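Visitor: Modelling step: build the complete structure from the supplied sequences, incorporating the hints.
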Amino acid sequence: MKRCEIAPGHHWMVVSAPELARRARPGQFAQVRCGEGWWPLMRRPFSLARIDPARGQVGFLFRVVGDGTRWLGARQPGQVVDLIGPLGKGFPPLPPGTVWLVAGGVGVAALLPLAEQLGSRARAMLGARTHSLLAGRDELIQTGAVVEVATEDGSAGWRGQVTELVQARLQEERPAALVGCGPAGMLQELRLVAARYRIPCWISLEARLGCGVGACRGCAVPRSDGNGYLMVCSDGPVFAAGEVIPVEV
Amino acid sequence: MRSEVDLSVKLGPLRLANPLLTASGCYGYGTEFGDLCPPGLFGAVVVKGTTPEPRSGNPPPRLAEVAGGLLNAIGLENPGLDGFLKLHLPRLRRYQVPVIVNIAGHRVEDYREMAARLDQVEGVDALEVNISCPNVRQGGMAFGVDPASTAAVVRAVRRVTTKPLLVKLTPNVADPVPIARAAVDEGADVLSMINTLVGMRIDVERRRPVLGNITGGLSGPAIRPVAVRMIWQVYRAVPAPIVGMGGVTSAEDALEFFLAGASAVALGTVLLRDPGAPVQVLDGIREYLVRHRFRSVGELVGLAHRNAGGGGT
Ligand SMILES: Cc1cc2nc3c(=O)[nH]c(=O)nc-3n(C[C@H](O)[C@H](O)[C@H](O)COP(=O)(O)OP(=O)(O)OC[C@H]3O[C@@H](n4cnc5c(N)ncnc54)[C@H](O)[C@@H]3O)c2cc1C
Ligand SMILES: Cc1cc2nc3c(=O)[nH]c(=O)nc-3n(C[C@H](O)[C@H](O)[C@H](O)COP(=O)(O)O)c2cc1C
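Chain order of the listed sequences is A and U.
Quick note on the numbering used here: the first sequence kicks off at 1 and runs consecutively.
Quick note on the numbering used here: the second sequence kicks off at 1001 and runs consecutively.
Calculated directly from the structure, the hints in this document are not laboratory data.
Since the model is a prediction, treat every value here as computed from it, not as a measurement.
Virtual Cβ for every residue (Gly too), placed ideally from N, Cα, C.
Fair warning: there could be bad hints in the mix.
[Said to hold, decoys possible] FRET-style restraints, in silico, Cβ to Cβ:
#1 G1284(U) to Q167(A): 55 to 63 Å
#2 D1203(U) to W38(A): 15 to 23 Å
#3 A1067(U) to V249(A): 28 to 36 Å
#4 E19(A) to R1207(U): 53 to 61 Å
#5 G1284(U) to G185(A): 26 to 34 Å
#6 G1298(U) to K89(A): 24 to 32 Å
#7 R1207(U) to W38(A): 25 to 33 Å
#8 D67(A) to V1198(U): 39 to 47 Å
#9 P93(A) to A1067(U): 42 to 50 Å
Guide: Structure below.
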């Protein structure tokens, strides 16, 4: 594997995994062992941020938030990473026309392979607290997508939330679909916007995962119809926005 | 080399190809892991706890980690007995591995009703009675913390089924022996032990419990010494075969359980992290048997009791 820090506390890691690269689809994830002993006990899920079957590689974009990601962020080139994947359901076939990809922070990871797949159909909006945390912007631009950014402090692009940027642009044109990945609060906002404008919307969710395959029923998210729960790992991580209520991790 | 040792074990009325089972709730209905961990690796598959009616489970978060352990509060999410029989059992049967159905309820009638129905079902090789569930008639106290309510459940189930009966003991008791004895007196063929230990965590930044359900069950390596101790106690006192579980992650752990008195072991939490664990555990057990010139796992069961000296029980 190779790794570099692309923004403060944000790492881009490329792993040679030919079989995984061949089978993976945009929106899927891998469960990565993030420690040598019994801490952390569980694997950590990360979106496949690059799927490159030609080179036999997959890429991850992750932010250090705790012990597991800190350990992963200290791996050195050539070291082996223990991962299981591809897991989860990827993005469903999207309606024809322009698709807006809306990312909050490191949520951009899940959207990169989709941007690549959609090519000129994709338009991306990426939000972060400040410009130095806009990780993944260059990678997004490389996919050929039109990219706009929003920062809460106004240090780059639109000043404010990325969902506000989305609403502003919706005054000018309407996409065929919205796809979002980021913090629960942002996704909640995006769902409401999509419902208000009647635009089909899909969101990729996070949760504390157990097994990653649907066996342990640990990563529940509430269904919006009040009928129990769906599992992020096996029913998702991508859901139709009307199906689930995003909850903070 | 391989033909020299026999990994098959006798577990009361059951004969298993190897001494590894799945711990209920950690392996779903057997098919979720796919090729990462196929059912055929195990001597028997114990499915997720099943209740008479479907249950949607507890609000999230349902999982929290602690050093060496996992707290879970899944809340017995399951499709109910009908759902299990229709959706899951047919798929699991194709693997031709013995299937043990873990049953859970809140009233003695729940257990009786499920056992009576499962008694008729082909492809169900045994029942595991989870008595760690709260008894609604006794203020929500778990059936398994009291010999009398344990006896009531086991008696009710034993009357309506001839299938082999495993009774799964809770560690949340001062002394497991009277409970184990009550279960065996009422007709349990095998004892499974241990279920999870009740625990909780508090998020200090948010100043509130981590789990949606507030408390959860602790599993994983952290509880292993408790499991070994309880198996040790029960093996001495009660004449019934034991399936040991609680933090088994390696061959060495499994061997510890055999030597304490378990005839087989179940893998739970370790599967969530390392679905490849069963292969390694079996290889390690085989290697140990060869190295120490044992022919079967059965020869190891309870062996450490002989070398225990005069210490306490
Ligand atoms: C399907 C899926 C895909 C994911 N993809 C990515 C990805 O591509 N890149 C990435 O960086 N992360 C991703 N995540 C989140 C990532 O799994 C977690 O950040 C990671 O598990 C944290 O592990 P840790 O041991 O470092 O932190 P922990 O010790 O587990 O947590 C440390 C602290 O951070 C908080 N925390 C945990 N997770 C998050 C989170 N997601 N956001 C904010 N705070 C959190 C915890 O509440 C805790 O307070 C994904 C999650 C899922 C479910
Ligand atoms: C996520 C999870 C779900 C569980 N669900 C059940 C269950 O439905 N019924 C049951 O009897 N035990 C259940 N258990 C307990 C396990 O079967 C086992 O007794 C316990 O976890 C100890 O073994 P371990 O440390 O190897 O996991 C569950 C454990 C976990 C971690």
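Visitor: Honestly, do G1298(U) and K89(A) meet the 24 to 32 Å range at C-beta?
Guide: violated, 45 Å
Visitor: The hint says 28 to 36 Å between A1067(U) and V249(A); measuring C-beta to C-beta, is that right?
Guide: violated, 20 Å
Visitor: Taking the CB of D1203(U) and the CB of W38(A), does the distance hold inside 15 to 23 Å?
Guide: holds, 21 Å
Visitor: Kindly confirm whether 39 to 47 Å is satisfied by the beta carbon distance between D67(A) and V1198(U).
Guide: At roughly 25 Å between Cβ atoms, V1198(U) and D67(A) fall outside 39 to 47 Å, so the hint is violated.
Visitor: Hint says 25 to 33 Å; check whether the CB-CB distance for R1207(U) and W38(A) agrees.
Guide: Check passed, 27 Å falls within 25 to 33 Å.
Visitor: Holds or violated: the 55 to 63 Å window for the beta-carbon distance between G1284(U) and Q167(A)?
Guide: Distance hint for G1284(U), Q167(A) holds at roughly 59 Å.
Visitor: Is 53 to 61 Å a correct range for the gap between the Cβ atoms of E19(A) and R1207(U)?
Guide: violated, 45 Å
Visitor: Using the Cβ atoms, figure out if G1284(U) sits within 26 to 34 Å of G185(A).
Guide: violated, 47 Å
Visitor: Can the suggested window of 42 to 50 Å be confirmed for the beta-carbon pair P93(A) and A1067(U)?
Guide: holds, 44 Å
Checked against the numbered hints given earlier, this structure breaks hints 3, 4, 5, 6 and 8; the rest are met.
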